[in-house]
Every structure is written in structure tokens, then in C-alpha cells.
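Asks: Listed below, chain by chain, are the residues.
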Amino acid sequence: MVAPLQPVLESPREVDVEELEAELSALWRSAAEGASGQRVVTRACALTLLVSVESEDAAWEVSNLIGDVTRQNPCRAIIMASEPLARPGGINAWISAHCHLPVEGEKQVCSEQVAVVARGDSVRALPNVVLPLVIPGLPIYLWWRAPRFEPEPYYEDILRVTDRVLIDSGRFPHPALDLPRLTERAREAGIRMGFSDLNWVRMTPWRELIAQCFDPSELRPYLARVKKVTVEYEKTSPRRSAQEAQAWLLAAWLGSRMNWDPAEPATEASDASRTWIFNSTDGRVEVRLVPREFVGGGEGMCFNITLEAAGDPPARFSLKRGPEGICVTTQCAVEGREPVSRNVRLEVLEEIEVVNDELKYLGRNRVFEQTLAMLGRMAGL
Amino acid sequence: MGLGTEASSVAETALLANPLREGTRVRKTPAPCSIVIFGASGDLTERKLIPALYYLAREHLLPVSFTVTGCAKSPYTTETFREKARQAVQSHLKIPASEAPFLESFAQSLFYISDDFGDVKAYSLLDSMLDRFDRERGTGGNRLFYLATPPSFFPVIVQHLGRAGLAKTRDPEKNWTRIIIEKPFGRDHASAQELNRTVTSVFDEEQVFRIDHYLGKETVQNLLVFRFANGIYEPIWNRRYIDQVQIAVAESLGVENRGAYYEEAGLLRDMIQNHVLQLLSLVAMEPPARFAGTAVRDEKAKVLRAIRPIPPDAVNDLAVRGQYGEGFAGGKKVSAYRSEPKVSPSSVTETYAALKLFIDNWRWADVPFYLRSGKRLAKRVSEITVQFRSVPHLMFRDAIEDIIEPNVMSLRIQPNEGIAVRFGAKLPGPAMRIRPVQMEFRYGESFGAPPPTAYETLLLDCMLGDNTLFNRDDAVELAWELVMPILDRWKNDGERDLAFYEAGSWGPAEADRLLQRDGRRWQRL
Ligand SMILES: NC(=O)c1ccc[n+]([C@@H]2O[C@H](COP(=O)([O-])OP(=O)(O)OC[C@H]3O[C@@H](n4cnc5c(N)ncnc54)[C@H](OP(=O)(O)O)[C@@H]3O)[C@@H](O)[C@H]2O)c1
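Chains as they are written, first to last, in my numbering: chain A, 1 to 381; chain B, 1001 to 1525.
These are computed hints drawn from the structure, not numbers from a lab. Do not rely on the hints blindly, as some may be mistaken.
With a cut-off of at most 25 angstroms between alpha-carbon atoms, the simulated DSS-like pairs for lysine-lysine come out as follows [stated by the list, open to error]: (1) K360(A) x K227(A); (2) K1333(B) x K1302(B); (3) K228(A) x K320(A); (4) K360(A) x K1028(B); (5) K1183(B) x K1426(B); (6) K320(A) x K1028(B).
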């Protein structure tokens, strides 16, 4: 095993903002010299990742995550912290490198990181500092790691060159209010760039599992005859609002894929559950999102989805994840037949895993856009 | 995963009609089906097929109701087969205890029939079991037969499947029936033709998936992407710019415990006829109109057809064979091929072969393709190197002392998959000094996630009806036809011209001479 690279590369070093580009070049020269014939450092880069955060502290927090991004998506990462209310104003910048050994005994691979903290009025200078640093010719991703996606006007120049924005509705404090608002933002932004929600990406495997239930041709007709959908999530857990947003997204996705028409505004019951009535080609569909207590729950792992469909005989499709949080049991039960069930792996994906996955896509995601449009209609927008 | 699917199969078209599958993110999963493995108690099933199927099931890449029926002679019950499968998964994938629920759920989808492949009863039992699975487990009438048996049983099983009516697709509007045939596909041109005749008398060619696990490797598929998704290479991918192409598939291992098999096969059959010629056809083929089975396979076949046949009296000018003697591997002394278990002490079986081929078409006329492969070589590496022509005129007079190396592009398949380009650069300083430098791209560095194994990719592709990465009847026969003069000549020559090389070396010196005669040399790997 090769010893870790010199710490000078690993820990951030403050540099003059005007000298950022020169300092980045120097970083690689010193890495090569540090090698002294023994170790070779490869710089790898597939994209520029801009990360927008709300404070210097948040910048250091995300800086710890970037190492895990660069392992899978070598990039130049630029963390931008804006503190418009801070005094005195000014801009500070740090550079560092994240290095990995891809295979033991192989060359060390490094990616660069720049952190820029802007305070007071200087926040408006952020684009001017950041834009010269993006790598020409490679895609630019903007990871919006603030609780809401509400970019200030000075972000315009950055958004103009961005290929894809990543937000996380799992961080929204009030999903029922914030998600519909996102619908509008996405509509504006989506014209120019790809837009994605990490929390929606976390639901991709669930959507896949639901879709698989209806792959057998003899079960497909049940899809059009779904009468009731119930999504249950944990009422008390640190992931409550993330799960609530997921339940909304799932309902909106089903509605948009199945061309259901929201018939009435949602009703909210005293247990905080929400119910929508949709019109489908086969009559009315009731969709309920239910927060509730689960035995052994508390971590926000438990999540149940049930679809009940009419027919002769009727059928019921369910997906359940328990408190252990890694295994989903799916069951397709047609009345009068032996139910078919199985266990598959579906863990709660860490934020960074989802980011890594998302950095592999570039274009617009129409299914997500249509889901957001449906979500807007469900919220009565 | 294969690069494209021809939506020819009805089952796949029906799958697309599931509105919840819209959008690229929801991965394709095959239609519900039954998989039948012939040779379920064998080595391949244990080491590759069961672990690959488990992985696909755990990652929900298989349909809800998939069912595997194992068939072999060993008198297992379904329960013993399940237990063997659990052990196989545990020992080959080293899964943690937390995966117990997945393993159990996977095991519950396995069933076993113990019988001789020659026994008619086995097939009628299989037929009724598959029917029952369709009814009770919802396998939808789709069937995939996997022949993981000694090759001598391929025709036997195929004919029995035919007679039992199992080869026919139940309802061609809705269902599919496919068969995967392991390698080796024949042991010479005549036997491959014979096997093709037998197989296609029972199955339609579209139902037949001849596996070459090499083609399931991520980088081999990447070769197609590299060549045809990047605009800058295609214009220079021809005789005007390319001086020569080399393909090396080197192994550091010896024959291990497969001496008996190897004595019958030899390197040319085991590696060149299939893997190396497949690589050659991917490097040299014309751009297919679409990334789909027929188009890609048509182009590959055209390349094989265009390779200049080797006349029997020119074999020794164009081919070299070798056999390893004693030597070192991994720092330890290792024995000669002739001293390996189950190998004749006077064996003339080749463990190394090098070939020089030409492709007679507009793109490649006069560009030599040098192929080499061997066991017990200095290291395990598979690489394709494309050497470009030297610059027509050297204008840097001061650099006359420097060796101006031609540009070389290396496509590395294993290990450390990636692409490297060598070009000349100026040494810093007032003098005009030129040195070759290397620019490298490695998959492991740019995309951290481990790629799926070849068997996972190929099993899934077959279930999805994508045959891009499988061999077609004509390609298999063409490849055999090409190597036949060499096989025949070597057989007649006995030990004459068999070159011996030290284990752990880069093969016999005769192979170096093959290139030296042309003023070239093997790329250092
Ligand atoms: N192993 C590999 O890594 C590998 C790699 C590439 C290709 N392949 C190809 O895959 C195929 C299988 O290889 P393998 O190594 O798995 O061979 P293997 O270990 O010898 O297995 C052969 C299988 O066939 C069964 N079998 C043989 N005769 C039978 C009969 N008369 N009736 C019923 N079952 C019979 C055996 O069952 P019993 O043992 O129960 O009798 C066993 O399950 C071969 O064509 C080989 O060339 C193998």
C-alpha cells in the first residue's frame, strides 16, 4: 500500500482570489514534484461541479463529501458559499485536492477543489470569480445544497452556463408548500437546462419495482384498473419531511404516467394523512399518503406502497420496507392464487450516492418534469 | 449491457407498453421467464451462473416471477440444489449476513431435475414443470435454456428439446424461447457446421445465443462506443493513417487443472478462434447502421469474410506456435506444460500462438494485424494497439538524434481497462528535443463504480432479446474456416516448428521474428 499523499495537497490552502488559476496549476506541479520518482499523480476530470451553499460552515461540511464524489466522478469542484448579510464584505478562496488510489499499487488520482466564500455585497462578484474556473468543454453541474431552490438574481450568469441543476426536495422544510413552488422554478429553468431532484432519484428503484409488478402480460390490465393507492411513511423520524416529499412525488408520478385527472383538491385528515381523488379511464382512483407509527421504526426507513386494483378476481400489489432499511418485500397477490413475493435490496441512498449517480446524466428528464407538472395540479396550482 | 435491442421480439414490445416504464431511468427488466440450466451441478453454474443470477435478482434486474430449473445427473433434490446455490453465492460473492433475506428469496426460485440428458423422460418432466411455473408463478410462457454442459451434449439436448416441443415458442405473438450455447462451439469447421445444422434444425437462428463471455466485458463494448460515438477517430481509422494493429491476450496462468481439456483444444481453438478474432472484428468492422444485433453482427461477419485466407504452404510464414517449458510465475518456479497434470509428456499442444493476418478490403488493404495469445506469459493483459504511420517528413532537423516514435493508441481490456495515446512532445528548453509521452484514460479512474461481470451482462441481454454481443452461426463458421489450415498444418507437423518458451516470458523468439521480418516489433505490454 502506498502512503497517503503529502498533506499539503489534502488540506485546503487559502489563496489570493486573483491568483486562483495560477495556484491551481501550481498545485499540480507540486504534486508531480512531491512524487520524486516514486509516485505518479494523475489528474482526472470529467466535469465541473459547482456547489451552492448558504454559509462558510456549510461549505466545509460539503467539502468533506466532495471526496466521495471525486472517487466516482473526477471533477473540478467549486464550492460557493454566499453570506449576503455578513459584515464586513469580501471574498476568500481555498484550494485543495482529493486523491484516491483507484487500484492498489496504481497511480494516485486527484481532483481539485476550490472553495469560495463571499460575504456582504461581494456575493455579487461570485460569478466573476467562479466562471473563469470552469473547465472548458466539459459539462457543468450545479448542486444546489440550500434548503430551497431560490437563486438570487446574481446567480443568473452561473445558471446560464449550467447544464444541469441538482436540488434535494428531501431538504425542504415543508414539502407540501415547497414542492409545488419548485414546480414553477423547474418550469422556468427546465427550458434551458436539465433539472433534477435527488429525492426523486432516491425513488427510482421504488418506481422500478412498481413497474415490474405490471410486466407480466396477464397482470398488466390491472394497472388501468387501480382503484386505490396507499403510501405509508414514518410519522416521527428525522427523515419525515424527506419521506413526505417522496410520497408526493410517487403519487404525482403514478398520476402523470396513468393520465389520471385530479378531481378534487386534497383533503387532510386529523392524522395528517392526505387524500386525493383522481378520475381515470376506469373510474375514480383514491390516493392516500399516510404518516404513521411503525413497530421498530423511528429512523425513517419504513415505507409501504399498496396498489389495489379491481377485476375478476381483484388484485393487490404491495411493496414494504421494514425498519432495518435494506430489504423490500414485494408481493403480487391475485385473489384465489398463491401470491408471488420476493425480497430485493433497496437501501436508503446516501446523499452522496445519489449525487454521484445524478452526475452521470446530462439531458432533461421529461418524466420528472411531467411528474412535477402533475404535482402542481395536485396542489391546485 | 448490449448496446441496443431490436424491438423484434413481441415480448419486449409488450414490455414497453407498460406506461410505468417510460423514461430512461427505470432500468429495463426482462419479461417474466423460466431459465433452465443444463449442467446445473457443474463448475460453470457454480462459479459464474448462480452468482450472476443472484446478483441480478438482488438488484431487482430480474422479473418478479423468474424461476430457475437446474438439470444434471447428480441425484440432488431441489433442496440440495438450493443449498449448493446458497454456498456458491456465499463463497463466490462473499456476501454479508445481512443479505440472508435476498439469498433465501433467490433460493426459493430454484428447482432441480435429476436425470441423464439422454433420457426422454427428463424432457417431458421439464415440460410439465415449466407449464406449472407459468400457471403458478406467472413465468409467462417465456423460456431460456442454458447449455452449460460438456459440448458433446449440445446436440443431444437440442434434439431432445425439439422432440419434446420445448423449442417452439408457445404463442409467438406474446412469448419467446431462447437458447444459450456455451463455448466451445465445435472443435473444427466441420463440427461447427454440423452443430449449427443441428441447432438450426430445431431453433430459429434468432432464438440462438452463442456465448463468448469476452464480448460481455465492459471494455469490449466500449470499443464500439469509442470508435463510433467519437467523431475524431473514424476518419483516421484506415490504411492511410494506420500502419499496423496488434491484439494481445496474455495470461500468466498455466492450464491449471484443465490439462485434459487443453490437450484436446490447444490455444488456437481456446482463444484465437473465438475471443481474439472477435476483438479483431470489432476493431476492424465498418460502422454498423444501428447499434442493434443484426447490423453489428452483419458488419462483424463481413470483416471475418474479408480476412485473407492462409494458404496451407504459408502457415509457417504467417503463424507461430509455442509451448511453455519450466520457468517462473509470480516469483515461484512452475513446471513445464508437459509436466502438468493430465498432459502427455510428449504433448505437442500449443499454449502460445501468434498470427499475421490481412483484411482484404478498402479500409485495411496491406495493414497487417498481428495477433498473439498465450498461457504462462509474463503478465495477464489483454490489449489492442493501433500504431499510426510515421510523419511523412521530419522537419525538426535538430531533433535528428531523438527517436521520433509513431503515434500509438492502446485500448486495454484487462486489467485496468482504459485507453492510452502516445505522441511526441517537445522537451522544455531552448533546444528542439522531442520525446514520446503518454496520455492515459482509465475507466477505473473516471467512473468509480465497478462494472457488472460479463455473465450478468450477457444473461440479462439474452433475457431482453438483445443478441448484439452473441455470435451468429456464420461468424462462428467463418472463424473456424480461417484457422483450419493452421490447425491442419500443425497437426501434420507434429513437433516440427513447435517453439518452446520459458514460463513467465513473453513467448518464443520465433514470434518476435514474425514481426522483425516486416521491420516491426511487438508492443511492450
Ligand atoms: N467452467 C468454466 O469456467 C467455463 C468457462 C467457459 C466455458 N465453459 C463451458 O461450459 C460448459 C460446462 O463447463 P463446466 O466446467 O461447468 O463443466 P463440468 O463442471 O464438467 O459440468 C458438466 C455438467 O454437465 C452435467 N452432465 C454431464 N453429463 C451428463 C449427463 N449424461 N446427464 C446429465 N448431466 C450431465 C454434469 O452433471 P453431473 O456432474 O451431475 O453428472 C455437470 O452438471 C462446457 O461446455 C465448457 O466448455 C466453462
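Asks: If a hint holds in the structure, say so; if it does not, say that too.
Replies: Cross-check of the supplied hints:
1. Taken as a hint, the K360(A) and K227(A) pair is broken in the structure, with Cα atoms around 37 angstroms apart against an allowance of 25 angstroms.
2. Note on K1333(B) and K1302(B): the hinted pairing is violated, with a Cα-Cα distance of about 45 angstroms set against a maximum of 25 angstroms.
3. Proximity of K228(A) to K320(A) is assessed by CA-CA distance (about 16 angstroms); at most 25 angstroms being required, the pair is judged to hold.
4. With a C-alpha separation of about 18 angstroms, the suggested pair K360(A) and K1028(B) falls inside the 25 angstroms cut-off, and the hint holds.
5. Of the pairs offered as hints, the one joining K1183(B) and K1426(B) is violated, with about 49 angstroms between alpha carbons and a cut-off of 25 angstroms exceeded.
6. For the suggested pair K320(A) and K1028(B), the alpha carbons sit about 22 angstroms apart, so the restraint of at most 25 angstroms is met.
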